[in-house]
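Number of protein chains: 2
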Amino acid sequence: MTSLSVHTQSIDFAAVRARVDKTLDDFLDAKHDDATARSMPVDVTEALGEFFASGGKRLRPLLCVLGWHAAGGHGDDEEVVRTAAAVEMFHAFCLIHDDIMDSSSTRRGRPTVHCAMAHRYDHDHIGTSAAILIGDMALAWSDELLNSPHRAPHRQAALHRVIDAMRQEVIYGQYLDLMAPFTPLTDHRAALQVIRFKTAKYTIERPLHAGAVLAGADPELLAALSRYALPLGEAFQLRDDILGVYGQPQETGKPVLDDLREGKHTVLIALAAQQATPAQHHLLHNLLGDPALDEDGAAQIRRVLQTTGARDQVEHMITTRYAQALTALQDAPCPPAATAALQRIATQAVQRTS
Amino acid sequence: MTSLSVHTQSIDFAAVRARVDKTLDDFLDAKHDDATARSMPVDVTEALGEFFASGGKRLRPLLCVLGWHAAGGHGDDEEVVRTAAAVEMFHAFCLIHDDIMDSSSTRRGRPTVHCAMAHRYDHDHIGTSAAILIGDMALAWSDELLNSPHRAPHRQAALHRVIDAMRQEVIYGQYLDLMAPFTPLTDHRAALQVIRFKTAKYTIERPLHAGAVLAGADPELLAALSRYALPLGEAFQLRDDILGVYGQPQETGKPVLDDLREGKHTVLIALAAQQATPAQHHLLHNLLGDPALDEDGAAQIRRVLQTTGARDQVEHMITTRYAQALTALQDAPCPPAATAALQRIATQAVQRTS
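Which chain is which? The protein sequence lines are A and B, in order. Per my numbering: the first sequence = residues 1 to 354. Per my numbering: the second sequence = residues 1 to 354.
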């Protein structure tokens with residue numbers, strides 16, 4: 001074996017995930033005990049504990065730890081693992097609030113938080129309100145996980161600049177997404193802008209940066225990581241959009257018709273709408289966003305995506321961006337083990353089926 | 001004039017408010033310019049700007065600055081004013097999300113954020129979703145306002161411990177409030193627990209502590225401030241509950257029947273329910289929480305609050321707590337100007353009509 005593969009093996013994705021999950025579990029256990037001791041409601045810690053236990057890719061915390069390795073971090077990684085857990089706690093906030101906005105009933109194959117709480121209290125508005133508060137608490141607690149009195153002040157300041165940017169970008173991205181129904185269906189630039197803020201920066205770039213600054217990354221390295229992260233993040237979301245129409249519910253954990261029933265303005269749909277015949281245009285306008293859309297209607301939409309060439313175009317966009325990310329990675333001055341790990345992540349992100 | 005009154009004059013409430021508001025305005029202006037430059041939606045900065053412009057007491061930021069003075073802070077107060085602005089930004093988050101949960105249509109005499117956005121986009125769910133996101137951004141930005149690379153690390157750590165506690169307490173307090181309909185109407189202890197977390201700690205104690213730790217307050221001083229803050233905070237909320245039933249809408253800025261129509265479980269109502277005759281009990285159960293409650297119904301409830309003695313009891317509770325707060329203040333080792341200012345705040349908090 002070459003030293004490269006030895007180094008590669010040293011970044012064990014499953015081990016990172018296990019340590020991040022342990023940090024989250026320990027944090028929530030302590031919060032749970034504290035709530036019990038002070039007669040506070042345990043709904044919040046229980047709901048968050050169940051949310052993490054239900055699965056998820058843990059992509060963002062993994063990227064956070066890889067960013068640290070990419071910037072030459074080594075030795076005691078306790079601090080970066082805790083920051084990675086903070087990033088995942090923030091993600092729980094995002095998803096819990098997103099599910100309210102999207103009126104989603106399931107996530108990871110289970111009822112969403114607002115639906116579970118509505119069921120528990122037999123009251124829709126209380127369910128939504130409880131989920132707003134549980135999401136709020138996840139946001140507050142993600143910040144609590146970020147603080148470390150032992151960290152050098154300039155590192156803490158650099159980390160906070162990254163996290164401040166990340167939070168703002170994803171909330172703006174979600175706001176743009178919310179307002180997408182007011183933009184023309186054909187506007188693929190608007191759809192790409194949502195992708196950039198809601199996914200590329202939030203899911204890939206900022207978690208990498210968060211880990212990297214903890215290992216003292218300079219602006220050049222951060223820029224090199226961005227050149228990898230942004231095309232990869234776009235490719236990741238474009239794959240998500242494809243899976244939202246063609247994925248297998250038993251693999252993705254969400255009903256395959258959700259995106260179509262919601263009428264989500266994706267790049268895929270925008271490209272199809274641009275190239276649709278008047279009859280196809282009429283069909284898209286009639287079927288997209290219909291909450292009662294059935295498999296037959298979905299099949300008609302898929303035919304339009306196919307015959308307009310939109311699906312192929314998006315696959316091409318994914319391939320191009322994947323290649324850009326890999327090229328950028330070759331040029332980035334990272335330790336071989338980190339580079340190899342980021343290559344694996346890139347491949348998984350674009351070739352996944354869930 | 002004695003030196004005490006000279007010192008007292010040196011803490012000018014209106015000037016503190018003006019500087020806090022200027023900090024908030026400047027922060028939002030910079031965010032607005034940044035959003036425009038990056039083609040991000042300006043709804044968020046505009047909505048928050050209008051929210052602050054619509055009024056509010058600025059009690060929490062004022063207490064933050066007074067906490068700093070109470071701990072001997074003097075000279076350059078730029079840092080504490082910025083922290084006070086962060087506390088007010090956090091409060092905007094709380095109110096925007098609370099108004100969604102309470103389904104309130106007006107605040108400070110204007111449409112609430114979710115109602116204004118629902119009106120703008122002619123869509124209730126989009127209005128609520130936009131308000132969730134605008135609240136989320138206020139929470140994220142409040143944290144951004146807290147960070148200061150120039151602050152000594154141990155001060156920053158102490159500040160974060162206070163803010164972490166504050167955020168958690170008020171979210172738990174709101175959660176308890178949300179679940180109040182599932183507790184018996186007569187349970188005044190449950191109502192008092194909501195008051196402690198949602199108001200006493202959040203509105204008075206933690207803002208004071210936040211300012212005090214910036215001036216290096218030790219645990220003894222923080223405990224002394226708590227002995228002033230907690231009874232005062234309870235008195236403040238008990239006054240709020242009275243105003244919610246007896247206040248003048250043109251002064252309070254909210255419809256006087258809201259609390260009764262919502263069926264809010266206040267200490268006032270709990271005490272009345274405990275001492276009600278079966279007929280009065282029946283009346284309370286029938287009228288409280290009726291969204292169509294009219295002035296005649298409200299007058300019937302007020303008669304029950306009067307004849308059961310509940311109103312008098314609550315006034316007595318306010319008086320007792322006000323006295324406790326003032327006694328604690330006399331025993332606290334604070335500079336005379338800070339003590340005098342905290343006395344004024346206490347009097348205003350319990351004797352106000354809005």
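These are computed hints drawn from the structure, not numbers from a lab. Being a predicted model, the structure only gives us computed values, none of them experimental. Note that CB positions come from ideal geometry on N, CA and C, so glycine has one too. Treat each hint with caution, since some may be false.
Unchecked claim - What follows is a set of in silico ranges between Cβ atoms, one per label pair, in the way DEER data are often shown:
| # | chain 1 | residue 1 | chain 2 | residue 2 | range |
| --- | --- | --- | --- | --- | --- |
| 1 | A | 155 | B | 34 | 23 to 29 Å |
| 2 | A | 282 | B | 149 | 55 to 61 Å |
| 3 | A | 275 | B | 57 | 55 to 61 Å |
Unchecked claim - A few chain A positions that, by computed beta-carbon distances, are all more than 10 Å from chain B:
| # | residue |
| --- | --- |
| 4 | 11 |
| 5 | 49 |
| 6 | 103 |
| 7 | 104 |
| 8 | 124 |
| 9 | 133 |
| 10 | 143 |
| 11 | 144 |
| 12 | 164 |
| 13 | 193 |
| 14 | 224 |
| 15 | 258 |
| 16 | 299 |
| 17 | 309 |
| 18 | 324 |
| 19 | 352 |
*asked:* Taking the earlier hints as the rules, which of them does this structure contradict?
replied: Going through the list in order, the structure violates hints 6, 9, 10, 11, 12 and 13 and respects the others.
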